[in-house]
Amino acid sequence: MARFIFPEWTQTFRKWALLLLGGAPIYLVALVMCGANANTLRVGYQPEQPVPYSHALHVGELGLDCRYCHNTVEDAAVAAIPPAATCMNCHRMIRTDSPKLTPVREAFANKKPIKWIKVHDLPDYVYFNHSAHVTRGIGCESCHGRVDLMTQIYQAKPLTMEWCTDCHHDPSTARRPEEDITVMGWHGENAKVGYPLTLPEREKAGLNPKNSILMNCSTCHR
Amino acid sequence: MDTAIDKDETPQKSTAAAVFQRVTETVSGVVERRTWPKAWYIAFAISCCLVVLLGISLWHLFFTGIGIWGTNNTEGWGWAIVNFVFWVGIGHAGTLISAILFLMRQTWRTSINRSAEAMTIFAVMCAGIFPLIHVGRPWVVYWMFPLPYDMDIWPQFRSPLMWDVFAVSTYFTVSLLFWYMGMVPDLGTFRDRAKSKIKAVVFGVLSFGWRGSAKQWHRYERAYLLLAALATPLVLSVHSVVSFDFAVSQQPGWHTPIFPPYFVAGAIYSGFGMVLTLLVPARYLFGLGDIIKKSHIEAMCKVLLLTGSLVAFSYMTEFFIAWYSGNPYEGFTFFNRVFGPFQWAWGIMAFCNVVVPHFFWFKKCRTNPWIIMGLVLLVNVGMWFERFIIIVSSLTREFVPATWDYFVPTFWDAATFLGTIGMFLFLFLLFLRYLPMIAMSEVKAATPEAHADHHGTH
Amino acid sequence: MSSLDRNQTQTYWRSLDDLADAAPELKKIIDDELARDGEAAGDGPLSRRRFMQIMGASLAFASMAGAGCRWEKEEIIPLGKRPDNYIPGKPKFYATAMELGGVATGLVATAYDGRPTKIEGNPQHPSQGGGATTGFAQASVLNLYDPDRSRHFVRKGGTLPLDASWKSFQRFAAEHFSKLAQSGGRGLRFLSEAQSSPTVRALRAEILARFPQAQWHEYEPLSRDNEREGTRQAFGAPMRVALNLTQAKVIAAFDSDFLIHHPAALKNARDFARGRRPDDKVMNRLYCIESAFTATGSAADHRLPLRSDLVLPFLLALEARLARNPGASPKGAFLAEPEVAKFLKVLASDLLHNRGKAVVTVGPRQPATAHAAAARINALLAAAGRTVVYYVDEDPERVPHTADITRLCRDAGAGKVHTLVILGGNPVFNAPVDAGFKNALAKIETSIHLSDNVDETSSVCTWHIPRAHYLEAWGDGRAFDGTYTLRQPILEPLWGARSDIEVLAAIAGKTETPQELVRKTLDTVLGPATIDGTLRWRKAIHDGFVPNTAFATTTKAPGPAPAVRLTASQNAGTRRANGDLEVVLVPSTATFDGRFANNGWLQEMPDFMTKLTWDNAALMSPKTAAALGIHDEDVITIKSGGRTVDAAVYLMPGQAPFSIALAVGYGRTHAGYVGGLASAGIDPPGVDVYPLSTTKSPHIIGGISVSRTGRTYKLVGTQDHWKMDKLGMAEREERAALLIREATLKEFKQTPNFVDHMMHVPGHGSLWQEIKYDGHKWGMATDLAACIGCNSCTLACQAENNVPVVGKDRVAMEREMHWLRIDRYFRGDPENPTVAYQPVGCQQCENAPCESVCPVGATVHSSEGLNDMTYNRCVGTRYCANNCPYKVRRFNFFNYREFLDNPKNKVTSLQYNPEVTVRSRGVMEKCTFCVQRIQAVKIASKNDKRPIRDGEIVTACQQACPTDAIVFGDLNDEHSRVRKLHESPRAYAMLEVLYTRPRNNYLARIRNPHEDLS
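Residue numbers (our numbering), protein chains in the order written: chain A, 1 to 222; chain B, 1 to 458; chain C, 1 to 1014.
Just so you know, not all the hints are guaranteed correct.
[What the hints assert, rightly or not] In silico PhoX-like links for lysine-lysine, alpha-carbon gap of 20 Å or less:
#, chain 1, residue 1, chain 2, residue 2
1, A, Lys115, C, Lys510
2, A, Lys115, C, Lys696
3, A, Lys112, C, Lys81
4, C, Lys179, C, Lys510
5, C, Lys73, A, Lys118
6, C, Lys179, A, Lys157
7, C, Lys438, C, Lys696
Read the hints as simulated data drawn from the structure, not as lab findings. All of these numbers come straight from a predicted model, not from anything done at the bench.
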């Protein structure tokens, strides 16, 4: 048979072929980058909780301080979820018959504990210590977002390593006076919560990220 | 040296056309022949089994862990890295022959460069396996590449292992391009001679619609020259970088500045060893006697002689420096190589790499295929043991005597290595079967007839 | 997305999940807890513990269901009511106590959410070495979570094992013993392991009052009765001989390993080390005369390898010399040998020269006469009250253990016993063979055994009662000096096990809870409460002991020396010539008397001397072996009175000629999946050598014969021993001298900085700008003059850092995981070498070779100079390990947590320290200077805005070290101890030529030999 050289009609495919060759990789990379991104996967994670507890109501409207329930936050790594007893402090008197609170009364009466779904769930090899942050002027809001506006708790920040280090490079911008730790929507001096200085800015400010204890691996991983 | 066809084998004076015709016939004949030598089938069957073995051992490795190998606390690398260096070394001859000899206008290379390049590529594929599988957690090996992800960390560019990643992958890419581009005109020829439509279409696509017009030839040769120039430094760089894996560390027996040239010489030595190992049988199986000439084989033997002597010289230098430096640890390591528990391995290495090449001083050894086969096989063995000595014997006994121990390979060490040999053969045999194993166009260009009349139709 | 396999990385939430997910029976137990919880209301520590349990339980219910692209859904389950001052995830520390061989040790248990994870010494306890711990104490926490502990009562003849339970036992006991009470308890016997608990003693009194005919026996395989009887001979009443080494200038130890195998070993070690401070020119001198090489022997300035049966004549000869009446000296031929004679002469003169500051101590395996002689010698040296303290033994009537058990067996054999209650112990396994305990037991119709698991004894008893671990039960005891020590439980018994006190109470028909009984004991000990009993009780529990409750001491003078009849071999005994062989049974450093056989940490812990793991071996000196034509790892048959034992030979340099040492406590058939379980086809580590021990000669067996079987057996150690080629051995000799730098006190006084002259270190200086550490600069100092190689640090590290156990086969491949290893080097004549130890963990180099080669930056330098290892970033190229000159990096070649996939074993994960990541397969790991402890203190101190005090951060190894050889601190604080030690002239860095600039410095070893012997 005659030698096979690309016939005329193949010419029409040429530009498409080029487009495919050039475009496909870019598309794939973009897909992975966005798809696997924590902002896509984790931010906004809002599981159904056994008790429809509303932070918006308790914090936002009634103005409870975070530490009333999460009372270990200042002296322990874990910001313990309050025991049913804490709820009953008020709910002995208020809404004593609300069906929504049955699990709480259950838990309090016959110690059948409530099973809350963990929302802010870091990997097990990350050692986050609440007290270390709270007592150094990092507000709850910095990591948990505007809890006072959440009728049902959800994850507001990506909580990825990149996100953590953004602040660890230079926490100065996230710091706030200790009395304002639990304030939501805090607007104080340079209140750029979660928006750290850029590297040049940082160097200008004389902060050397290379030599900061906050950037040691062992600060979070042990 | 660049008489393409010996008189004794072709008594009658032949016209260019006839000669070109015969070249085409011989080479294409290899691929087009109906019946294949039994040897090929046997070899192919064996290689298939070994490939299966490779599969099994990798499966077992991924599901059980590095522990299936003989490595331990003091000896962290073992056979995996030995094999890696071994294969990368072999992967040197191809590009050397194609690029450097091409730039040096060594036309005798034309008979062997194609298969040498193929061998290079397959060898580098085998080598590439090991760095990936020898890590403890292969499923995160992508951290070795500079990719952006939400951990806000880059790989550590100070680590020689990082340099490896780049050096080897670059080398592989360029060799592949070089090999394939060189093949395009011959693929064109295959296409033209194709009997079946499928073949025609496949080769047609593979040959990128090669027409053989003067313009295409012009471009082709430019590109080839450029790639050759590009590949040349790589030949030297790859194994230099591989040698940094050791030279940059601080272990006695590794921490030596002589490593880069020493490794490159060794690599070329082993590379040519492997080329001969494959071509000597092929030449006889497929009757390529009058294209791969005795003279070519001899030339390669001489290269072995040269590089072998270089390697031997490197050994001597190492020992001299170990003594001259006055570093007790370095001194002991080399003393230990010769008289320590791995003395047997050192003996094998020394014999194969220092003694063996010197047989090539004798013409008989350079011409008798059986002797050559024997010797080059020894060369392969010797070069494997060189890496074994460097890696294993140095690591098992270094600074703190309390941690000294011995290294005993396991079944899976051997299985993985044999597996890669199988994979190498497997690919090479397929290459022989379906692709032009000799660069027809180049051989033709190298014939005196080609120079006799420049209007040689084609 | 998570790089460590998530089911591998256990936080405390997770491990509890796993636990109950997989262990249905535990779940059941916890359910019961929950059900029973109603009645647990009320306050007091018990109910607090109940709460702990409920919390554990509630956690345990958490599901592991995966959820979409996010990782598994986790649940947080708070308590219904949280007990006061309990903070989830924050460790709490409880004083408690552990009893070993009839002596209580005060401990402090670290507990996370009610699960103990770590044991430390009780630093306040007067009878101990500060916060230090023995290896056994460190490892005992693993026994608590031993999956092989029995989870059910077992009753032979009962329809099913399950029909046996505490309730059914109570029913049985009530009826059975009330029947016995009518007969005054004829045929009722009790066999207890040595117990110092006053509460048990009180119950025993009550029981014997209720059953006047009943008898109480006591047995310990490794008993110290010879000391009792010896002092009885000397003083007319048994005494406890305690050493006070702080005062001692010259110490002579006869077959005595008082630094390791002694109830007061911790105190002895601390005092001994305090007497060896070369920098202050304070150095005592230790002479050791012993057969088997002990850690004490390795610490000695002079050691004389001498067969155990020749120690007595040597001792008598010494006494004769000191008493200046040569006539009394025995005529043993060996005493004439120049080496021995010289040693004896110098020793005698040195002792006399230091009269009042010298002491002689004799090991428990030596006969009573030897102890009596020691008492007399100490009197001659005016040691009593100064360097040796005699405590009056609390019950002088007690017959020696061997005699006691023989009596029991005889009576049982005669059919006089029909009910036997065995409290702990394992007599079927470890009673002397000629007592014939097993046959005797077969004749007893009702035998009740209280033990951890269904062991050799339980399996042939009619009742098996799971015994509560000391962390699970109320109790008390007396320390070696008699200090009253309390034991409080940290958690409820995991498998419903019961304590001795509960069982005895049930038999005595008492209704009080153990807690109440112990409290009653406290009141009897302290006398009636003056102000507030509860307050006193709380304080006692809190402290873990009651001060000033030690035994009375006496400085009575010993009576005159009776005529001692020596055996033929002792008289004709020669050291070198081919006299008859003796076998010496020594306590195992791993299993003690066999009770720790199922403890993986201890089985894998390398022996101080041999560095062997997972085995005991017949130790003999190279010359002896050569004389007998035996080679290393040959299996030999040891024959004694018709009984034989086959054991593998290990050539032990420094072993006394013609004396073979064998460690007891191996070769168990009913220990468990670690220590050997015949029923499951699990071969035990090592061989059982108790068949050689008789009531006449329990530990020193003479007149034995040895023959080769022709077989060989692979012994596995963490350090390759004398099986090295000539070349390697020569090089090792050379290097060891530089790794462990050593000098005599004399040399040290002449050239204090001798360490700098030992090796030429070329002028250094980095090519690059050196990094400044302006914040903290953590450093460590290890004093080789103090290290006795006791392994406590290794085990403490293992417990603190979740270091896995890998098993014999993997140790054989040099894959042991200990982060902190102790290198041991011999020097000199193989028949009597000197030994030096060097604990080697990560040196935390400032120019760390491992860091620059890691392709992914998994190990990098912290701004405080620590060499951080980030497991979750590690890819596992092992390049760092290759490039580490100290070879301290450890690689997870396999998934060493696979055993957790078996639901039965999940409970083990409760021991894991939640502050340390549990490493997965394919990850590199190494010593971190206990970075989790550093972080904890840093965070705490910063929380309350104060600087870190020196000594506030204590690494696990440092805390466990009995000789205080390891010191950690901030090198930038010029007042810190570690800084001072780094500035000591003895300080040097390991392999300093490499300019890695380690943060750990070693302090050269100083010996103090006598000029006439050196």
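To see whether the hints hold, each was checked on the structure:
1. Lys115(A) with Lys510(C): 42 Å, violated
2. Lys115(A) with Lys696(C): With Cα atoms ~65 Å apart, Lys115(A) and Lys696(C) exceed 20 Å; violated.
3. Lys112(A) with Lys81(C): Since the Cα atoms of Lys112(A) and Lys81(C) sit roughly 11 Å apart, the hinted pair holds (cutoff 20 Å).
4. Lys179(C) with Lys510(C): 16 Å, holds
5. Lys73(C) with Lys118(A): Roughly 7 Å separates the two Cα atoms, so the pair holds.
6. Lys179(C) with Lys157(A): 73 Å, violated
7. Lys438(C) with Lys696(C): 18 Å, holds
Violation of the numbered hints given earlier is confined to hints 1, 2, 6; the remaining hints are satisfied by the structure.
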